[in-house]
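Engineer: Whole structure, please, built from the sequences with the hints as guidance.
Chains D and P, in that order, give the protein sequences.
The first sequence runs 10 to 523 under this note's numbering.
The second sequence runs 10 to 523 under this note's numbering.
Please note: incorrect hints may appear among the correct ones.
It does not matter which identical chain is used: a pair holds within one copy or between any two.
Below, computed lysine to aspartate or glutamate pairings styled on EDC-like, alpha-carbon distance capped at 16 Å [what the hints assert, rightly or not]:
| id | residue 1 | residue 2 |
| --- | --- | --- |
| 1 | 349 | 378 |
| 2 | 189 | 412 |
| 3 | 346 | 460 |
| 4 | 397 | 430 |
| 5 | 346 | 378 |
| 6 | 15 | 279 |
| 7 | 349 | 377 |
| 8 | 502 | 470 |
| 9 | 289 | 56 |
| 10 | 272 | 370 |
| 11 | 304 | 350 |
| 12 | 185 | 460 |
| 13 | 349 | 460 |
| 14 | 29 | 363 |
| 15 | 349 | 462 |
| 16 | 346 | 462 |
| 17 | 371 | 276 |
| 18 | 272 | 327 |
| 19 | 429 | 401 |
| 20 | 78 | 113 |
| 21 | 272 | 300 |
| 22 | 346 | 208 |
These aren't lab readings, by the way, just hints derived from the structure by calculation.
Just so you know, these numbers come straight off a predicted model, no measurement behind them.
Protein chains: 2
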Amino acid sequence: MTFEVKYTDLAGRIGRLHIKGRWLETPIYLPVIHPVNQLIPSSQIFDIGYNAVITNAYITYRKYGEEAKERGIHSIIGFPGIVMTDSGGYQVLEYGEVKVDPIEIAEYQRDIKSDIAVILDTPTGYRTPRNKAVETVRKTIKAALDTLPIIERGGPLWVGPIQGGDHLDLVSYSVKEMTKLPFDLFAIGSPVEIMNNYDFTTLVKIVMTAKAALPLGKPVHLFGAGHPLTMALAVAMGCDLFDSASYILFAREGRYMTFYGVKRLEELTELPCCCPICSKGLREILEMTDDERVKALAIHNLYVLKAELNTIKNAIREGRLWEYVSIKSKSHPALYKAVKELFTNRKYFKYLDEGTPMFKEKAVFLFDEIDRYRPEVVRHHERVRSLKIEGERAILLVPETYEAALFIKIRRNLREFLEKEDKFFIASPYFGPIPIEVHDVYPLSQNTMVELDEIGEEEKESYRKVLESFKEIVVVFERGKERFSYNLMKILKDLGKEVSRKGPVRILDFIDDL
Amino acid sequence: MTFEVKYTDLAGRIGRLHIKGRWLETPIYLPVIHPVNQLIPSSQIFDIGYNAVITNAYITYRKYGEEAKERGIHSIIGFPGIVMTDSGGYQVLEYGEVKVDPIEIAEYQRDIKSDIAVILDTPTGYRTPRNKAVETVRKTIKAALDTLPIIERGGPLWVGPIQGGDHLDLVSYSVKEMTKLPFDLFAIGSPVEIMNNYDFTTLVKIVMTAKAALPLGKPVHLFGAGHPLTMALAVAMGCDLFDSASYILFAREGRYMTFYGVKRLEELTELPCCCPICSKGLREILEMTDDERVKALAIHNLYVLKAELNTIKNAIREGRLWEYVSIKSKSHPALYKAVKELFTNRKYFKYLDEGTPMFKEKAVFLFDEIDRYRPEVVRHHERVRSLKIEGERAILLVPETYEAALFIKIRRNLREFLEKEDKFFIASPYFGPIPIEVHDVYPLSQNTMVELDEIGEEEKESYRKVLESFKEIVVVFERGKERFSYNLMKILKDLGKEVSRKGPVRILDFIDDL
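Structural biologist: Shown next as structure tokens:
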């Protein structure tokens, strides 16, 4: 198997991509290495901790020709790790045609011993008129078909590029056609311009459209997506590999990456980073020659990208990718909109849900309305609605806090009543009705929440379903819960139920009194 | 002047604290140096970029006695920068009484040439019964009065500790009494236990109660508050100095700071950080001896704290402290609650408002409901309500986007109508009615927003006030703004206005048609 998935959260995953007896852990970011003008030696990039890079086969072909076949691409760029090659598709986007045909450049990538090779594609770009976009998709599919005999003979891992740009039906079509061919990976094309325009919502639409149709077992590369703001979002959507030249392009413009956005060096009075470069202090960087400073900035940017990726991987391992993407979303309103689109649009839920483990070691954090859409919350609603709970009288407890310890106390005190006819529920923000018998199922008492006084639509629906059969409902609330219990009573009455409210009481006392 | 304020945002500020011909830039974090058992040499801490530390005068007194007077505290701890000394108050909290009187320890601090000295206080602690808390406040005030003759003779900068714990009236009383005395700085006592309990909301209440009564021109130290989660919040409340031993205490427990919380080293599979320690890789750290690993973790923690502080300082300089505190708030629900308390409780508004510049170079980011409480937004409501705008017919424009470029186009097209009787307003989420004549006043067209369809209470009130005198109101909306304009029309009708709605149109066409 080429790709093994080790951990998942949302649609994100940590995986192992096997390549010629070696393997890469994904998600991974591959810095772009220029085969001719590379300012930061690729061996230094290796030392920073990058064990894979991407370089351009077309430029290599034009510059080195046969020499690269003899020496191999690893020697040409001087990199000891995994080398992925791009076919020159990006050059098509930038300069129009390239002077090579798909078969030629595929054979060339194989012959220079590329580890991961991309067939020649025609990138769609951003806001491309439909007829042009159709043409790019068709050309890319044709190139793939032309290259098929070479792909089938093996060699590198072969990457099938998905085009279509912001024409979502073309993206679907592109996936449908490309997945008929035996590619090892797929790559989603041309997000660079979309990212440069901060149109992250469109990025979500494109990636999720592609992911919906791509086979789960194949790794997905997102071209040109090496940006500290969006990497977490892209991983959460199920992208496994990223590349970009942003570390050096930004450095050339004096732009300095941070975890929350990109700054101009001259805006900074002190450096908000502790990488080996920044630890020298701002003055030392400002006193460098222009060339040295570009190098220093590029290395700093590489450190930031690596730390960001590691933070994302930790978030997957500890089951807090939703939380981490939420933190990042507060870096820019455009990103927040995109994350909201991903998290709350029901059409994507299935994909976020399937990767989210049923049980996690860590508590779920619940902050606000958006967290009502978390898989962990939605699943509870589905589960609770499917239970058959019947009885005469339902008692909804609204405790002062929703700490696990309190739940245990309530349950202990309820033990003798549990045999009786009353049915007990904890009325919880986010989760709605929690039957006391299941309160300790993850994450009903394994969460830390910012309470919400308003009751959401999903909660309402769960109250309706769960309380359907009951004749009488009593809302029992503790001090501080006047507003929540009032809102609760109101929505229960709206459901046509006979409701009374009792409180503020101490819930444990109330149970003793019963 | 001892303290100069250079930049402000919210109640936070960047300042210069002058000390014996030298100065420190605030906000600043002072690592705690143990005068006897200091694992990380203080000179190494200086090299990491810390130019001030705090150490304990009481322990120095017990261990070194007269020797420290001869050599000076800088030589005793081997630190070339600014040295602040604590009096032993923390030892009172931990071990009960200390064997020294206030005058003795004050004189001692002066004699060992401390740069910043704290008089002997009796910390209140957390959840201390009221009578005990009263006693700690009284004792601290008495110690201050006893020490007065020494304070008046100068020497170090003198710090007056504020006690009272979570008894807010006692905090106010403590401030009232302490500010009668000629202290150079004030320090807010004992947040350590509060922080350890994640009760950040109580921290907000204590600090804001103290800050409300403290003179703006005096720097404020927050004892024991060196934590990457809460430093931004503390700075936003107007705290200028922090200290804590957390960098080493956490390291001893194998705890690893990140920008989003503290992890156990064994939880990590890769290091989400790029400091010189972490750049070596996890394996090297795990293979160290226990002692080496504690040192390595402590140095890592110091790098994180420094980068965090620099990030906060940049946020103040660029006027994005609200944004940065919002990002941090998503790290933990308890922190989110605390930030919500600070940002939305009207009683604190005045203090956040007074430090927020009227004009900023950067756009304001608006994400969600909490941002309705931003000083920049609230100020617009105050300003617009005070304008006298009268006329027959008001036209509320609801454009497709709120980009500045569009505002300019609308205004250009409106130029000829501006003489006529219709009054034009842009109806904006967050800001409510924006008279077209002032649309370019900061930040009405210098913002990037996530639009809200619901109209908030402040917006409603502004529509009411501004549209009071008009007989007729027309809501003109563009495509995509059906919901917002519908909500708008509803609230205008609720205000008893005659309202009609026109759309979806292109607003520029509509203006041409008029």
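Engineer: Hints first: check each against the structure and report whether it holds.
Structural biologist: Hints, one by one, checked against the model:
| no. | hint | verdict |
| --- | --- | --- |
| 1 | 349 - 378 | both (11 Å within a copy, 14 Å between copies) |
| 2 | 189 - 412 | neither (51 Å within a copy, 44 Å between copies) |
| 3 | 346 - 460 | between (23 Å within a copy, 9 Å between copies) |
| 4 | 397 - 430 | within (15 Å within a copy, 65 Å between copies) |
| 5 | 346 - 378 | both (14 Å within a copy, 14 Å between copies) |
| 6 | 15 - 279 | between (40 Å within a copy, 15 Å between copies) |
| 7 | 349 - 377 | both (12 Å within a copy, 11 Å between copies) |
| 8 | 502 - 470 | within (13 Å within a copy, 31 Å between copies) |
| 9 | 289 - 56 | between (19 Å within a copy, 10 Å between copies) |
| 10 | 272 - 370 | between (37 Å within a copy, 14 Å between copies) |
| 11 | 304 - 350 | neither (37 Å within a copy, 44 Å between copies) |
| 12 | 185 - 460 | neither (44 Å within a copy, 36 Å between copies) |
| 13 | 349 - 460 | between (20 Å within a copy, 12 Å between copies) |
| 14 | 29 - 363 | neither (30 Å within a copy, 63 Å between copies) |
| 15 | 349 - 462 | between (21 Å within a copy, 14 Å between copies) |
| 16 | 346 - 462 | between (24 Å within a copy, 14 Å between copies) |
| 17 | 371 - 276 | between (39 Å within a copy, 11 Å between copies) |
| 18 | 272 - 327 | between (30 Å within a copy, 11 Å between copies) |
| 19 | 429 - 401 | within (11 Å within a copy, 69 Å between copies) |
| 20 | 78 - 113 | within (13 Å within a copy, 82 Å between copies) |
| 21 | 272 - 300 | neither (19 Å within a copy, 38 Å between copies) |
| 22 | 346 - 208 | within (9 Å within a copy, 31 Å between copies) |
Checked against the numbered hints given earlier, this structure breaks hints 2, 11, 12, 14 and 21; the rest are met.
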